[in-house]
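Take a look at the letters that make up each chain.
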Amino acid sequence: MAIVELDRLTKRYGKRRGIEEVSFSIGEGEIFGFIGPNGAGKSTTIRLLLHLIRPTSGSARIFGKDVVRQSREIRRETGYLPSEVHYYDDMRTADLLRYSAGFHGNVDEKRMRDLAERLDLDLSRKIADLSFGNRKKVGIVQALLHRPRLLILDEPTGGLDPLMQQTFFDLLREERERGATIFFSSHILSEVQRMCERVAIIREGRIVRVESVTALVRSSYKIVTLTFAEGSRPQPVREHDLPGVIRQDISGRVLTLLFNGSIRDLLDFARQLPLADILIGEPSLEELFMHEYKTDEGARGG
Amino acid sequence: MIFRRELKGNAKGLIIWSLVLGGLVLLMMSVYPSFAEDAQTLEDMMNVFPEPIAGVFGMDVLKLGTYTGFYGVEVHLINTLVGSVYAALLAGGMLAKEENDRTAEFLLSKPVTRESVAGQKLAAVLVMLFILNAVIAAVSFACTGFADEAVETDILAWYLIATFLLHATVASVSFLLSALMRRTRSVASLALGIVFLSYALHVAAGLSDRFAFLRRVSLFAFTDAAAITENGGLAVPDAAAMALVSLLCVVGAIGYYRNKDIAG
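So the sequences go chain by chain: A and B. Take the first sequence: its letter number 222 is residue 222 in this note's numbering, and every next letter is one higher. Numbering-wise, this note's numbering comes out as the position in the second sequence, counting from 1, plus 1000.
It is possible that some hints are incorrect.
Covered by chain A, according to a simulated footprint, are these stretches of chain B (three or more residues, beta-carbon under 8 angstroms) [claimed, not checked]:
1) 1001-1012
2) 1019-1029
3) 1096-1106
Just so you know, these hints were derived from the structure itself, not from any lab. Beta carbons are placed, not taken as given, at the ideal position from N, Cα and C, and that holds for glycine.
If we strip away everything but chain B, and leave its shape as in the complex, we get:
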């Protein structure tokens, strides 16, 4: 019941975000062929950038002249960051909006447990994020048609998996906030704050080895395109840490929501 209602109620938003993100991927990657043609000139030009700056964008590892390199520098950032904004807003609203709009009194007086309410809403969030990522993946793979060379599809797949995991983690953190707080506006600002701060820490960590420890506290750490390309996949400890963070947030959210006093 609640699961279906959430999917239906959020369908419009999902379609818009999917179109925007899918469209951006398409737009960016449509430029790729002209880049690939002048790959060498481009590489020379890029070498002009001071190394730390290039490092931030992963351009010391990623080659703009390859599909996955170009994707990693130009598109992956948009997918992770913009998608995280969507995940934060969507998951952050889930539980808090019922209290904010005072519909919780209606919903929770129905014969349904709090665990089920939270579980169904979380499931709806994950399904919608999966759909968004499926759209991104479909466009990203379709765009490999722009490339003349053999594309490293496994690297591309790892980017996409990392993106989905990041969105799920951001959603879990925001869902916890949604359970703890009552005002959608405060949840949204805090969740977005976490996303942007986390991204800023990730950038800072890339700037210098002295700040490398900041990777430990950034949700974006394991999505780094350069690292994925270098490792040929996800860094297992990072991914496991993110999964653990997500799990703890979800358990915390449901545990807290079970016993929460609903504001009248």
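Bound conformation, chain A alone:
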């Protein structure tokens, strides 16, 4: 069963861009990434799912329930970490967490202390005195405390140092083992690549593609690094020499190609070159992403 299902979800704000006909679905127990640059519509989509804003058209269902009409029931089993965490400055961390958990029923004091300890968060501090990173930790505990079935995390790692990010990812894996579904937005591809099975890529309010991370990386795209022998200079590759070059870059004796043509053609082509070294590898999500965003054709093609 799909835990999250968006059907042509649209939000328009007059002239300002919202999102346009966004559709995808997330299965139970999945860790699903949502990537795109700032302002692409990630937060808008998430805020629609939580009914903080109302859709202009289209619909979305979570746990099979309508996000507009049954929002309260949905939120009962959802944990949300906003990209910017703002809490009541007059409260202490523990009070805020108890207040938050109180909406979901009883407060699990032990779980609160355990989570706080693992994230190295002082529960007795006043919210007003917390640094940005510590506020984020409060947000993480707040989102996890009531053991939600669905976690919606908007840019969750911002403000966390690398060690804390590691702890955070460990926590997410434990949540997933518990059976939780995780929907995770980010503009940092490496963390999405590390955590998620599938991703939706959003650009200017529209979904560019939805694919499994492995398929995305393993798609026919290759990064080909050709190092020329001493004394020879690489020339730009022309279409009739080797079809399928998406992008090329020459730096000294090194020619780098983003390539999705035939491997046979590539090898035939390479054989004629005075090469010292050749490296054929899978592009990182970052490299693919640059490509999705830079070429309009690629953006529409997915």
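Mind docking chain B on chain A? Use the hints.
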């Protein structure tokens, strides 16, 4: 949850405003015995005032030599006006402050309906205004000990009821603004503007019969001490109009807030 949190979070403010208003009532009424002694001299002195001016303060009807008369001229104005400022600030902040401080994103992602959020916050406002008015009432009745004569306690009670109704109406109007707007500062200025403008219109209406129609648009109209004393109670149509205004504001506020897009 939200109701309790609002009571707790606003307790300090409530205590301060209650002490200030209760203290002012006590301070003003403690002067009353010396006034009452020289009641006749006072009346003569007051007659020197041109009639329109006296009319503004209700002194054509209210006698400074009686407890309720003195209260109506000296204290009732403070209760209504200062209390309205508190009601405007308190209710005006309720919904807008969550968006202004960007905590709305936290609160509204919890399993609670918008109606419940607005309802609990409104209930907290009304309870706090009730407490403030209870303090004012307690002090006002305690101060009748200063009077030698038999105090018209029913008139005093009507003043106090009118004051509470006024505070509730101001709170309802401000609550509507709080639902419509996002910046606490703009809500506060607009709500206070309405209170002071409304008071100014009330004063203008008292100055001359030509401006009497202004009473229709002033929230203060039905709290007028002289009118209460003359009628021996509240003017029912006025009170009903205020109740209707309050009800419409509350319904409007909740209706709008239900579907409001919360700023990110």
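**Asked** Do at least three Cβ atoms from the segment 1001-1012 of chain B come closer than 8 angstroms to Cβ atoms of chain A?
**Response** holds (count 3)
**Prompt:** For the segment 1019-1029 of chain B, do three or more residues have a beta carbon lying closer than 8 angstroms to a beta carbon of chain A?
**Reply:** violated (count 0)
**Request:** Test coverage of the segment 1096-1106 of chain B by chain A using CB-CB distances below 8 angstroms; three residues minimum.
**Result:** holds (count 6)
The structure is inconsistent with hint 2 alone, although it conforms to all the rest.
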